[in-house]
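Letter by letter, the sequence shown follows residues 1 to 97 of our numbering.
Be a bit skeptical, because a hint or two may be false.
Claimed, not checked - Only pairs whose alpha carbons sit at most 30 Å apart, straight line, appear in this in silico DSS-like list of lysine-lysine:
1. K55 to K31
2. K55 to K11
3. K76 to K46
4. K75 to K38
5. K11 to K54
6. K38 to K93
7. K54 to K31
8. K37 to K77
9. K31 to K76
10. K93 to K49
11. K31 to K77
12. K75 to K37
13. K55 to K68
14. K38 to K76
15. K77 to K88
16. K88 to K54
17. K38 to K54
18. K68 to K11
19. K55 to K76
20. K88 to K37
21. K77 to K46
22. K31 to K93
23. K88 to K76
24. K76 to K49
25. K54 to K93
26. K88 to K68
27. K68 to K38
28. K68 to K31
29. K54 to K76
30. K11 to K37
Unchecked claim - Label pairs and their calculated CB-CB ranges:
31. S30 to V95: 43 to 51 Å
32. E6 to I34: 44 to 52 Å
33. V13 to G33: 39 to 47 Å
34. K68 to N15: 31 to 39 Å
35. L44 to V13: 34 to 42 Å
36. I34 to Y73: 38 to 46 Å
37. E6 to K46: 28 to 36 Å
38. S9 to L97: 33 to 41 Å
39. E6 to Q43: 45 to 53 Å
40. M66 to E6: 31 to 39 Å
Since the hints were derived computationally from the structure, they do not count as laboratory data. Idealized CB from N, CA, C, for every residue including glycine.
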Amino acid sequence: MKRINETSSIKEVLNSFFNQKQINQGVVNSKIGIAWKKTAGNQLSKYTKDIYLKKNTLFIRVSNPMLKEEISYSKKKIIELINSELEKDIVEKIVLL
Numbered sequence: 001m002k003r004i005n006e007t008s009s010i011k012e013v014l015n016s017f018f019n020q021k022q023i024n025q026g027v028v029n030s031k032i033g034i035a036w037k038k039t040a041g042n043q044l045s046k047y048t049k050d051i052y053l054k055k056n057t058l059f060i061r062v063s064n065p066m067l068k069e070e071i072s073y074s075k076k077k078i079i080e081l082i083n084s085e086l087e088k089d090i091v092e093k094i095v096l097l
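Generate coordinates for the entire structure from the input sequences, incorporating the hints supplied.
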């Protein structure tokens with residue numbers, strides 16, 4: 001067996017591992033939750049009951065109807081902020097539940 005002398009960062013190795021093992025979706029949902037809290041802040045995230053990503057669509061369940069309406073007007077900006085926080089263009093659409 002021939003040894004390949006390439007160096008990779010830990011981040012690259014872990015990303016490769018997660019992609020190969022189909023663990024990536026759970027990791028992405030965890031990162032989405034963290035990015036949402038940073039983007040929305042404590043006040044808004046307090047009223048968020050559930051948040052998950054499925055096929056590049058971010059599903060957000062909000063318990064307060066007024067905040068739900070507020071989020072609906074800011075979807076584009078929220079997508080930009082979350083993608084910026086994740087350093088990837090993962091979220092393409094937001095669905096409010």
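The hints, checked one at a time:
Restraint check for K55 and K31: the C-alpha separation of about 15 Å stays at or below 30 Å, so the hint holds. At roughly 23 Å between alpha-carbon atoms, K55 and K11 fall within 30 Å of each other, so this suggested pair holds. Of the supplied pair hints, the one linking K76 and K46 holds, its CA atoms being roughly 21 Å apart against a limit of 30 Å. A C-alpha spacing of about 16 Å is found between K75 and K38, which places the hinted pair at or below 30 Å, so the restraint holds.
As the CA atoms of K11 and K54 are separated by approximately 23 Å, the hinted pair is consistent with the 30 Å bound. For the proposed pair K38 and K93, the alpha carbon gap of about 19 Å is at most 30 Å, so the pair holds. A hinted pair counts as satisfied when its Cα atoms are at most 30 Å apart, and K54 with K31 qualifies at roughly 13 Å. A hinted pair counts as satisfied when its Cα atoms are at most 30 Å apart, and K37 with K77 qualifies at roughly 15 Å.
Restraint check for K31 and K76: satisfied, since their Cα atoms lie roughly 19 Å apart, inside the 30 Å limit. Of the supplied pair hints, the one linking K93 and K49 holds, its CA atoms being roughly 18 Å apart against a limit of 30 Å. Pair hint K31 plus K77 holds up; C-alpha atoms about 18 Å apart against a cutoff of 30 Å. Taking the CA atoms of K75 and K37, the gap is near 15 Å; set against the 30 Å cutoff, the hint holds.
Taking the CA atoms of K55 and K68, the gap is near 22 Å; set against the 30 Å cutoff, the hint holds. Proposed proximity of K38 and K76 is supported: the alpha carbons are some 16 Å apart, at most 30 Å. Restraint check for K77 and K88: satisfied, since their Cα atoms lie roughly 15 Å apart, inside the 30 Å limit. At roughly 15 Å between alpha-carbon atoms, K88 and K54 fall within 30 Å of each other, so this suggested pair holds.
Simply put, K38 and K54 have alpha-carbon atoms about 20 Å apart, close enough for the 30 Å limit, and the pair holds. Of the supplied pair hints, the one linking K68 and K11 is violated, its CA atoms being roughly 36 Å apart against a limit of 30 Å. About 17 Å separates the Cα atoms of K55 and K76, which keeps this hinted pair within 30 Å; it holds. Pair hint K88 plus K37 holds up; C-alpha atoms about 17 Å apart against a cutoff of 30 Å.
Restraint check for K77 and K46: the C-alpha separation of about 20 Å stays at or below 30 Å, so the hint holds. Only pairs whose Cα atoms come within 30 Å are accepted, and K31 paired with K93 is accepted, the gap being roughly 17 Å. A distance of roughly 15 Å separates the Cα atoms of K88 and K76; the hinted pair therefore holds under the 30 Å criterion. Note on K76 and K49: the hinted pairing holds, with a Cα-Cα distance of about 21 Å set against a maximum of 30 Å.
Between K54 and K93 the CA atoms are separated by roughly 10 Å; this keeps the pair inside 30 Å, and the hint holds. Among the hinted pairs, K88 with K68 is consistent with the structure: their alpha-carbon atoms are about 25 Å apart, no more than 30 Å. With a C-alpha separation of about 18 Å, the suggested pairing of K68 with K38 holds against the 30 Å cut-off. Proposed proximity of K68 and K31 is supported: the alpha carbons are some 22 Å apart, at most 30 Å.
A threshold of 30 Å between alpha carbons decides the hint, and for K54 with K76 the separation of about 18 Å falls inside it, so the pair holds. The hinted pair formed by K11 and K37 meets the criterion: a straight-line CA distance of about 23 Å does not exceed 30 Å. Judged by the Cβ atoms, the range 43 to 51 Å given for S30 and V95 is violated: they are separated by roughly 20 Å. Evaluation of the 44 to 52 Å hint for E6 and I34 yields a failure: the beta carbon distance comes to about 31 Å.
Here the CB-CB span from V13 to G33 is close to 24 Å, at odds with the stated 39 to 47 Å. Checking the proposed 31 to 39 Å range against K68 and N15 shows it holds: the Cβ atoms sit about 34 Å from each other. Checked against the hint of 34 to 42 Å, the pair L44 and V13 passes, with Cβ atoms roughly 35 Å apart. Evaluation of the 38 to 46 Å hint for I34 and Y73 yields a failure: the beta carbon distance comes to about 24 Å.
Remark: the range hint 28 to 36 Å for E6 to K46 is contradicted by a beta-carbon distance near 46 Å. In this structure the hint that S9 and L97 lie 33 to 41 Å apart at CB holds, the actual value being about 37 Å. Checked against the hint of 45 to 53 Å, the C-beta distance between E6 and Q43 comes to roughly 47 Å, which is consistent with it. Between M66 and E6 the Cβ separation comes to about 54 Å, which falls outside the hinted range of 31 to 39 Å.
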